[in-house]
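Same order as they appear, the protein sequences are chains A and B.
Going by the working numbering, 403 is the number at position 380 of the first sequence; the sequence numbering is gapless.
Going by the working numbering, 206 is the number at position 70 of the second sequence; the sequence numbering is gapless.
Take these hints with a grain of salt, some might be off.
What the hints assert, rightly or not - Quick look at which bits of chain A chain B covers, simulated, 3 or more residues with Cβ under 8 Å:
#	region
1	158-165
2	199-208
3	281-288
Stated by the list, open to error - Pulled from the structure, derived: some chain B residues nowhere near chain A, Cβ distances all over 12 Å:
#	residue
4	Leu168
5	Val264
6	Leu266
7	Leu282
8	Val291
9	Arg306
Think of the hints as simulated: they come from the structure by calculation, not from any bench.
Just so it is clear, CB atoms sit at the ideal spot from N, CA and C, and this is done for glycine as well.
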Amino acid sequence: MDFLTQYKNALFLIAILLAQAIALAVQVRRPLDPAQPDGPSVRLIRMWAMTAVTPVERVTHAIGYGAGHAWSDYIDLRHVRQQNKDLQQQLARVRVEEAAIAEDALQGQRLQALLGFRESYVGSTVAAQVIGASGSEQSHILTIDKGSSDGLKPDMAVITQDGVVGKLRDVFANTAQVLEINDQSSGAGVVLASTRIRAILRGTLTGRVQIGNLLADSRIQPGEQVLTSGGDQVYPRGLPVGVVESIAPDPDHQPYTAIRVKPAVNLDRVEEVLVITGTQPDLTPGAQQDLASAAAQHAADLSAERLPGIHDDQTPDTAGASGATAATGAAMPAAASAVPVTPHPLPIVHPDRYSSGSTPPASELTPGGANSAQQPPSSPSQQQPKATK
Amino acid sequence: MMVTRSYMSRREVEQQRFSMPVTVLVPVGAVLLQVLLPRVFAGLAILDLPFVVTLFFAISRRSPIAGTATGAAIGLLQDVLTGQPIGVNGMAKSLIGYAGASLGSRIDVENTTTRALLAFGFSLVQSVLLYLIERRLLGIRAFHMLWLHELLRAVANTALALPMCYLLDRAKHTE
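Let the sequences and hints guide you as you build the complete structure.
This is the structure:
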């Protein structure tokens, strides 16, 4: 009894530490499940804490947001008219540029379908506001004001218009925690845009983002864009992650290099985010229509360029629509709806052995064997335009 | 026996008491502010408001049990909100609370210089404790200690602790 009285302080400390050490051991030894990073009891505790804290965060966010944006909204309104005009002109330019790449995009889609790839496009998103952060330098977690009642689930990708923010970690009824890509426990499959080198992106203790599983490669240069590869089954491929900032030998993991990446999103200043709640193998109908109409417009432009006399005389409506589009951009939807959705390839002007139809199917080729390529057609008139799907 | 009774009596006289609202609201407010402040300016994440509050209550109450309990409660709440395994900050702040209270009953903690030294020293101790817990107990090999950064954190926490202690001194009830 005297012993307990004499050492009650130390015994109390030991008991507290022991209890927490056991709790830590239970959490660490639990099998890692990406969908449920915490056990049911820990998740319950976090949910209670979040439920208690969220109202305060919502109120402070609302006050801060309202006060901060009231003045800027007023200032912004003064420039809305001019901005709207500029944006319309920009939209017209983008539509024309889009037409230039539409054919390549369609061809890429056809080739991917041929090879059996299934591209994942962003199908549906839920917009959310960031109402809190972890407040610790050891963990980079955001709290958003949407939860499972809005259809959110763990491991859903979170993005902004600039690029990837992270993925959902814990999802509660009305809130969710976003694990940012610069958190030390975060990871993402990425691909370097120009070299097409695949890598794994990880957060660091200091809140930076880096690629650490690549050997030194002279092709990788600062400024190269980093995109999601889609290989991690979390982030749809092609989303901007950032740009390569610096490349240096990794002192802890020789002979690998530490490629530091500057995130495309300012992770310290995230206000609104989009949670990707669904992906789909094809583009959305709207995007498909835009792509097809842009491709058709591009084909019409090319026709007009190559056969100005015929085009001008025989297709006055299309030419007129094209001109109107270039002038304002507002007429583009009308023109787009007037042209057929599925474009046809243009006749080949100078056929060669690389032209469509001149190469035998892959099933007839033998490794190392001679290529029995068909002779290209001698004139453009022999080329039979083939409708695409 | 007489010596012990005399020491206990002196310590009890010097113990500071706080009202229930202060005991509850100040730690909770500190944890909440810790969550909200980095949203205003990300660099404020270097501060550790819950640490300052833990240290203040520990050295003011001068009771190791109270200091341990306060540190554990604040640390666990911080763990819950940061998404870290629950117990990392809880263990570190339990030890800080215990050590702060033990030291507080032996030295004059009302002095500004002493408080600054305590805040600076215990901030570094907490960094070492967190490193040991993350690296040794949890086995996170990638966890590194950035000494310069931890020194800056200690300086920042010291600069924060002095005005905060001055404000919180006004909530004391000396018995």
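Quiz prompt | Index of numbered hints that the structure contradicts, given in increasing order | solution = 3, 4, 6 and 7
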